[in-house]
Amino acid sequence: MNAPERSESWRLNEGEEKVDYEPDTKIPNAGNFIIKKEDHTLGNLIRMQLLQDRQVRFAGYLMPHPLENIMRVKVQTNGEVTPMDALSTAIEDLTSEVDNLTQRFAEGVLACKRLQESRQYQ
Amino acid sequence: MPNTRAPKIEVLELKADFVKFVLSDTDTSVANALRRVMIAEVPTMAIDLVTITENSSALQDEFLAHRLGLVPLRCEPGTKFVYNLDCDCEDNCEQCSVTLSLDVSWESKAAGRPDHEKDLPVFVTSSDLVSHDPRVGPVHFASSDIIDASQDDGIMLAKLSRGQRLQLTAVAKKGIAKEHAKWSPVCVATYQFDPIIKVADDVSATLTVAQRQQVVESCPVKVYGLDERTNNIVVRNRLECMYCDECTNVASSLKLRPEDDAVVTVTASQDRFIFSVETNGTIDADQVVQQALEALSLKLQTLRNELINVKQKILAAA
Numbered sequence: 001m002n003a004p005e006r007s008e009s010w011r012l013n014e015g016e017e018k019v020d021y022e023p024d025t026k027i028p029n030a031g032n033f034i035i036k037k038e039d040h041t042l043g044n045l046i047r048m049q050l051l052q053d054r055q056v057r058f059a060g061y062l063m064p065h066p067l068e069n070i071m072r073v074k075v076q077t078n079g080e081v082t083p084m085d086a087l088s089t090a091i092e093d094l095t096s097e098v099d100n101l102t103q104r105f106a107e108g109v110l111a112c113k114r115l116q117e118s119r120q121y122q
Numbered sequence: 001m002p003n004t005r006a007p008k009i010e011v012l013e014l015k016a017d018f019v020k021f022v023l024s025d026t027d028t029s030v031a032n033a034l035r036r037v038m039i040a041e042v043p044t045m046a047i048d049l050v051t052i053t054e055n056s057s058a059l060q061d062e063f064l065a066h067r068l069g070l071v072p073l074r075c076e077p078g079t080k081f082v083y084n085l086d087c088d089c090e091d092n093c094e095q096c097s098v099t100l101s102l103d104v105s106w107e108s109k110a111a112g113r114p115d116h117e118k119d120l121p122v123f124v125t126s127s128d129l130v131s132h133d134p135r136v137g138p139v140h141f142a143s144s145d146i147i148d149a150s151q152d153d154g155i156m157l158a159k160l161s162r163g164q165r166l167q168l169t170a171v172a173k174k175g176i177a178k179e180h181a182k183w184s185p186v187c188v189a190t191y192q193f194d195p196i197i198k199v200a201d202d203v204s205a206t207l208t209v210a211q212r213q214q215v216v217e218s219c220p221v222k223v224y225g226l227d228e229r230t231n232n233i234v235v236r237n238r239l240e241c242m243y244c245d246e247c248t249n250v251a252s253s254l255k256l257r258p259e260d261d262a263v264v265t266v267t268a269s270q271d272r273f274i275f276s277v278e279t280n281g282t283i284d285a286d287q288v289v290q291q292a293l294e295a296l297s298l299k300l301q302t303l304r305n306e307l308i309n310v311k312q313k314i315l316a317a318a
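So the sequences go chain by chain: A and B.
So for the first sequence, UniProt numbering puts the first residue at 1; every next one is plus one.
So for the second sequence, UniProt numbering puts the first residue at 1; every next one is plus one.
In short, the hints are calculated from the structure, not lab data.
Just so we're clear, the structure is a prediction, and the values are computed from it rather than from any experiment.
Where a beta carbon is used, it is the ideal one built from N, C-alpha and C, also for glycine.
Please note that the accuracy of each hint is not assured.
Okay, derived cross-link-like pairs now, EDC-like style, lysine to aspartate or glutamate, Cα gap no bigger than 16 Å in a straight line [claimed, not checked]: (1) 113/A <-> 17/B; (2) 113/A <-> 10/B; (3) 159/B <-> 54/B; (4) 113/A <-> 13/B; (5) 173/B <-> 94/B; (6) 313/B <-> 17/A; (7) 37/A <-> 14/A.
Far from chain B, some chain A residues (derived; all Cβ distances over 10 Å) [said to hold, decoys possible]: (8) 15; (9) 57; (10) 65.
Here's a subset of chain A near chain B, in silico, CB distances under 8 Å, partners left out [stated by the list, open to error]: (11) 40; (12) 48; (13) 84; (14) 88; (15) 96; (16) 100; (17) 102; (18) 106; (19) 111.
Make the full structure from the sequences, and use the hints.
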């Protein structure tokens, strides 16, 4: 009776913002991003990409509770960039990597099909 | 500071329902994200709403509805549907759903049977589901050749005995497996780390040929072989390795001196991943990977746009 909507695991509720930002009050150059309707898929991906960045001192993510469909990302930078910009660059880099992968996979499939065809004629 | 990598993909094996490829020069997090998206976030069609007009079978309505939901529905490539919740229609329409109907009675199927089979129950299977959209229908076999060779006539839904009847209409909707596993397009979507297998020839020279043969035979998946000419241990099927460590255990027990180096070492590569993806027939295997990459890209893009929004809001507030 009080079960949540099934689609609530991946669809934003009405009027809900996808991302909330809270600057950290205790640590300098740090902030928390609360990303709704996301899980380990993006969480771990973003964290590892942030850790590649030399200007990022700390990056971590957590899913506070398995039944709450939110993910928190904490970022601390060395002060040369804001946590917001560090996260933006990380996502920008990941987008271009995934788009690159899409292309590589299409090429790989074509190459494999060509190989299979040439084997058939032999 | 941009930190982009340039990952590579090499497709090793490609069939309608199976693809095996190597993803290299990237991080585990990318491989894992791709795997997770393939399992849970590639949209497919599945039965979501069942209206039962008559059910005199031994199974309850709810039980049948659940079984129907789990039937994989094949979607022709290029078929695009919108999510039912995003659609402008009242309940459902052909843009967001597909109606399937089923009407089987014992009498209709048992008619024309030989006398000795007369009283046996009839089977209601997924092939009795009639789709109202030619592009979508219950998954059966990949090719007509296999259908002819097989006795299987679909996924069993219920059995009816004399006088029983099943009549229903089902509405299939688009969805993702994050909501319910029935929408998952894959049976298997895994990756393994590319094995790096090294044989130290100088140490293996201290073993007798019989001992080397013992090391070779210790492997349950036949990764190793003995060179015919030199009798050295050689790696024959590296990709078959499943990290069971049998070879290293046997080799170290055979060593003459415990301080000697290991004869064979098996380590996992940190940036090469061998993916195996097998679909349940709803979409072709290469399409699953392609759509997963697109879905991942879309997720990242929405996040990027939302971040820009948040940034502007903070600037406006300051």
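Checking against the hints above, which ones are violated?
The structure conflicts with no hint, since it agrees with every one listed earlier.
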